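Since the structure of chain A is provided, determine the placement of chains B and C on it from the hints.
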Amino acid sequence: MSALLIDAASWALLVLGSIFVLIGALGLVRMPDFYTRMHAAGITDTLGADLILLGLMVQAGFSLVTVKLVLIGAFLFFTSPTSTHAIANAAYTAGLRASPMDEEGDAPDEGGDSAGERP
Amino acid sequence: MIAGDFLGLFNYWIVIVLMMLGLYTVVSRGNLVKKIVGLNIFQTSVFLLYISMGKVTGGTAPILTGKPEVFSNPLPHVLILTAIVVGVATTALGLALVVRIKNAYGTIEEDEVQAADDEREFGNTAGTRDEAR
Amino acid sequence: MTIANVIDIALLVFLGLTAFAILKLRALFAVVMLSSVFSLVSACLLVHLDAVDVAFTEAAVGAGISTVLMLATLALTARREKASTRTQALPLIVVFLTGLALVYGTLDMPRFGDPAAPIHHHVAPKYIHDTETEIGIPNIVTAVLASYRGFDTLGEVTVIFTAGIGVLLLLGAFIREPDGLKIQTMHHHLVLRVVTKVLIGPILLFALYVQAHGDYGPGGGFQAGVIFAAAFIIYALVFGLENARLALPGHAVRVLVACGVLLYGGVGIVSILFGENYLNYSVLGSTPVHGQHWGILLVEFGVGLTVSAVMVSTFYAFAGQNPPISDEDW
Numbered sequence: 001m002s003a004l005l006i007d008a009a010s011w012a013l014l015v016l017g018s019i020f021v022l023i024g025a026l027g028l029v030r031m032p033d034f035y036t037r038m039h040a041a042g043i044t045d046t047l048g049a050d051l052i053l054l055g056l057m058v059q060a061g062f063s064l065v066t067v068k069l070v071l072i073g074a075f076l077f078f079t080s081p082t083s084t085h086a087i088a089n090a091a092y093t094a095g096l097r098a099s100p101m102d103e104e105g106d107a108p109d110e111g112g113d114s115a116g117e118r119p
Numbered sequence: 120m121i122a123g124d125f126l127g128l129f130n131y132w133i134v135i136v137l138m139m140l141g142l143y144t145v146v147s148r149g150n151l152v153k154k155i156v157g158l159n160i161f162q163t164s165v166f167l168l169y170i171s172m173g174k175v176t177g178g179t180a181p182i183l184t185g186k187p188e189v190f191s192n193p194l195p196h197v198l199i200l201t202a203i204v205v206g207v208a209t210t211a212l213g214l215a216l217v218v219r220i221k222n223a224y225g226t227i228e229e230d231e232v233q234a235a236d237d238e239r240e241f242g243n244t245a246g247t248r249d250e251a252r
Numbered sequence: 253m254t255i256a257n258v259i260d261i262a263l264l265v266f267l268g269l270t271a272f273a274i275l276k277l278r279a280l281f282a283v284v285m286l287s288s289v290f291s292l293v294s295a296c297l298l299v300h301l302d303a304v305d306v307a308f309t310e311a312a313v314g315a316g317i318s319t320v321l322m323l324a325t326l327a328l329t330a331r332r333e334k335a336s337t338r339t340q341a342l343p344l345i346v347v348f349l350t351g352l353a354l355v356y357g358t359l360d361m362p363r364f365g366d367p368a369a370p371i372h373h374h375v376a377p378k379y380i381h382d383t384e385t386e387i388g389i390p391n392i393v394t395a396v397l398a399s400y401r402g403f404d405t406l407g408e409v410t411v412i413f414t415a416g417i418g419v420l421l422l423l424g425a426f427i428r429e430p431d432g433l434k435i436q437t438m439h440h441h442l443v444l445r446v447v448t449k450v451l452i453g454p455i456l457l458f459a460l461y462v463q464a465h466g467d468y469g470p471g472g473g474f475q476a477g478v479i480f481a482a483a484f485i486i487y488a489l490v491f492g493l494e495n496a497r498l499a500l501p502g503h504a505v506r507v508l509v510a511c512g513v514l515l516y517g518g519v520g521i522v523s524i525l526f527g528e529n530y531l532n533y534s535v536l537g538s539t540p541v542h543g544q545h546w547g548i549l550l551v552e553f554g555v556g557l558t559v560s561a562v563m564v565s566t567f568y569a570f571a572g573q574n575p576p577i578s579d580e581d582w
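Protein chains in written order, with the working numbering: chain A, 1 to 119; chain B, 120 to 252; chain C, 253 to 582.
The following block holds chain A by itself, in its conformation from the complex (with noise of 0.2 Å):
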C-alpha cells in the first residue's frame, strides 16, 4: 500500500515538474522581449528541476541517494537564479531596455486579434 502511495506521490511530482518546464519552455518562444522571456526561462531552471528533483527523491526514499538529491537541489536553488540575474544583468549594462507597453497594456508586437488597433 505504501508503495503505491510512494509511487503516486513520485509520479505527481515528476509530471508537475515536467509541466512546469514545458510552461517555461513555450513562455520562451512565445513572450515578446528579452526580459519576459528570461522570466519564463527562470520557471524552468529552478521550479521545474526541483519539482522533479523531489519526485526522485520521494521514489528514493531515505537512503544515500537522497542526499545526493538534496544536495544537487541545493546546488540548482543557488545557481539558476543567480545564472538568469548574470544573463538579465549583462542585457542591462550592454543597454537593453524592457520595450514600452501602447495604452492597451498589449506588448507592442501582439494585438493581432483586435484588428489594426495599433497606435
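Rather than coming from a laboratory, the hints here were simulated on the basis of the structure.
Since the structure is predicted, the reported quantities are computational estimates derived from the model, not experimental observations.
Backbone N, C-alpha and C fix where the C-beta goes; we use that ideal spot for every residue, glycine too.
Do not rely on the hints blindly, as some may be mistaken.
[As the list claims (entries may be wrong)] Listed next, with one range per pair, are the computed distances between beta-carbon atoms: (1) A:R97 to B:W132: 27 to 33 Å; (2) C:L269 to B:G185: 39 to 45 Å; (3) B:G177 to C:L269: 28 to 34 Å; (4) A:T36 to B:G185: 50 to 56 Å; (5) C:L456 to B:N243: 26 to 32 Å; (6) B:T176 to C:L269: 23 to 29 Å; (7) A:Y35 to C:T358: 44 to 50 Å; (8) A:Y35 to C:T339: 39 to 45 Å; (9) C:H300 to A:I6: 21 to 27 Å; (10) C:R363 to A:T79: 38 to 44 Å; (11) C:A510 to A:I72: 32 to 38 Å; (12) C:G357 to B:Q233: 47 to 53 Å; (13) C:H503 to A:P32: 48 to 54 Å.
[Said to hold, decoys possible] Non-contacting residues of chain C with respect to chain A, defined by C-beta distances greater than 12 Å in every case (computed): (14) G268; (15) T339; (16) P454; (17) I455; (18) L460; (19) S523; (20) G527; (21) G543.
[Claimed, not checked] List time: in silico PhoX-like cross-link candidates among lysine-lysine, alpha-carbon distance up to 20 Å: (22) B:K221 to C:K334; (23) B:K221 to B:K154; (24) C:K334 to C:K378; (25) C:K276 to B:K154; (26) C:K334 to B:K154; (27) B:K186 to C:K378.
Coordinates of chains B and C only, in the frame set by chain A:
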C-alpha cells in the same frame, strides 16, 4: 525483415545523419570557428555510434552492485572516455590556432585568408602567376 | 517500439535539430551556445545508453570547458560568420554519398541492443567477470581504464599534456600582464561575487569527491580534473585574471602539468624496479588486489593533476591575450 531492420538500425542511421551534418559544416562553411564546432559535432556523433554498439537490451551501467545482473559492454565506454578528452585537447589547440590566425591575418574567414596568402605569394588575389598584373 | 526506443529517437531528433541550427546560424555566439546544448543532450542520451562515466565526462568537458574556450576565442576574433558566396552543391553531394556509404555499411551490423553481438563475446566478458576477483573495485570502467588498459590511458594523458604545451607555445608569448582579456573585476555585481564565493569551496570539494570515488561510481581523474579547473575559471571570470593568477600562479600550473604525467609514468617505473612489467600494479601493495587499488589511485590522481593543470593553463593563455576590440566597440 525490413521492419526488424528498421527498428534495430534506426539508431545508427540517425547518428549517421548527425555525422554528416557535422561533416557538411566542416566542409562547406568558411568561418574557422564554425568549422571547429562542426568537427565537435562530428566527434560527438561518432562517440554516440560507438556507445550504441555497446548497449545491451535490458542491461545496466557497468558498475558491480553485488547482485548478478546483465551489464552493458564497458569496453566502448573506456575507449570513448579517452576519445572525448583527446577531442577537447584538439579543440583547444585548434582554437589557439584560430586566435593566432586572427592576429596574423586580421580575419578568420577561410577565403579571405586564402586571398591574403595569394596576394603575398603571387601579387594578386586570383592566385595566378601573371606578371602583367 | 518500447518506451526506451521512443526516448532514444526523441533525443536523437533533438540532436539533429540542434546540429541543423548550428549549421544555419551565422551569429557565432548562438552557435557556441547551441554546441553546448548539443553536448548536454548527448550526455542525456549517453546516460540512457548506460554509459554513465562517458556521460559525466561529456557533460563536464563538452558543455563546460569547450564552451568556455570557444567563448574566449570569440571574444578575441569575430562575432558573425560571413555569408557564403560559393555554391554548396559539391559538398552536399560528397556528404550525401558518404552518408549513403555509411548506411550501407550499417546493414551488416548487429541490431541495436543485441546481446549476442560479437562485441560482447571476447574481451568484455573477461573484464566484467574478472574485475571482482583481480581488481576488487565496483566500477568496471575505471578498472578497465586504469588497470587492464592502462597503457591507453598513459597515451591519453600524454596527448593532453602535448595539447597543453601546444597551446602554451602558440599563445604563451602574447600573454599580457596584468589585465588580459579586460574581464572587469565586477565590483558592482554583488550577487555574482557572493554566490561565487559560496560555491567555489563546494566545487573544489566535489572535484576531490569525484576523484576519490571513481572506483565506486561514475567518476575518476578526467572528470575531477575538469571540475577542479572550473572552480578556478569561475574565480578568474568574476574576480579578475590577476587575482586568479595570485591564487594559482602560471608557473605553478605549468609545473603541475608535467607532474601528472610524471606520476603516471613513475608508477610504471616503480613496478619495473620491483621486478614486474611496466604498469603491473600487483607489486605495489601487500596483496595483488591491494596493489591494484594503490596503482589505480595513484594513476587516476596523476590523470586528474594533468587534466586540471592543462585546463587552467589553457584558460590563462586564452584569457591573457590582448583583445583587438575594446569594450566600447563590443
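Hint-by-hint comparison with the structure:
1. A:R97 to B:W132: 27 to 33 Å: Since the Cβ atoms of R97 (chain A) and W132 (chain B) sit about 48 Å apart, the hinted range of 27 to 33 Å is violated.
2. C:L269 to B:G185: 39 to 45 Å: 42 Å, holds
3. B:G177 to C:L269: 28 to 34 Å: 30 Å, holds
4. A:T36 to B:G185: 50 to 56 Å: Holds, since T36 (chain A) and G185 (chain B) (Cβ atoms, about 52 Å apart) stay within the stated range.
5. C:L456 to B:N243: 26 to 32 Å: Once the Cβ atoms are compared, 57 Å apart, the range 26 to 32 Å for N243 (chain B) and L456 (chain C) is violated.
6. B:T176 to C:L269: 23 to 29 Å: 27 Å, holds
7. A:Y35 to C:T358: 44 to 50 Å: 48 Å Cβ-Cβ, so the 44 to 50 Å window holds.
8. A:Y35 to C:T339: 39 to 45 Å: Given range 39 to 45 Å: holds, Cβ gap about 42 Å.
9. C:H300 to A:I6: 21 to 27 Å: Given about 24 Å between the Cβ atoms, the range holds.
10. C:R363 to A:T79: 38 to 44 Å: 42 Å, holds
11. C:A510 to A:I72: 32 to 38 Å: Holds, since A510 (chain C) and I72 (chain A) (Cβ atoms, about 35 Å apart) stay within the stated range.
12. C:G357 to B:Q233: 47 to 53 Å: 34 Å, violated
13. C:H503 to A:P32: 48 to 54 Å: Roughly 52 Å apart at Cβ, these two residues keep to the hinted range, so it holds.
14. G268: 18 Å, holds
15. T339: T339 (chain C) clear of chain A: closest Cβ-Cβ about 34 Å, beyond 12 Å.
16. P454: 7 Å, violated
17. I455: Violated, because the least Cβ-Cβ distance between I455 (chain C) and chain A comes to about 9 Å, which does not exceed 12 Å.
18. L460: 15 Å, holds
19. S523: Non-interface label on S523 (chain C) holds, nearest chain A Cβ at 35 Å vs cutoff 12 Å.
20. G527: Fine: 42 Å to the nearest Cβ keeps G527 (chain C) off the interface.
21. G543: The claim holds: G543 (chain C) sits with its nearest Cβ about 29 Å from chain A, beyond 12 Å.
22. B:K221 to C:K334: 15 Å, holds
23. B:K221 to B:K154: Between K221 (chain B) and K154 (chain B) the Cα gap is close to 15 Å, so the pair holds against 20 Å.
24. C:K334 to C:K378: Given pair K334 (chain C), K378 (chain C) is violated - Cα atoms ~53 Å apart, limit 20 Å.
25. C:K276 to B:K154: 13 Å, holds
26. C:K334 to B:K154: 13 Å, holds
27. B:K186 to C:K378: 18 Å, holds
Checked against the numbered hints given earlier, this structure breaks hints 1, 5, 12, 16, 17, 24; the rest are met.
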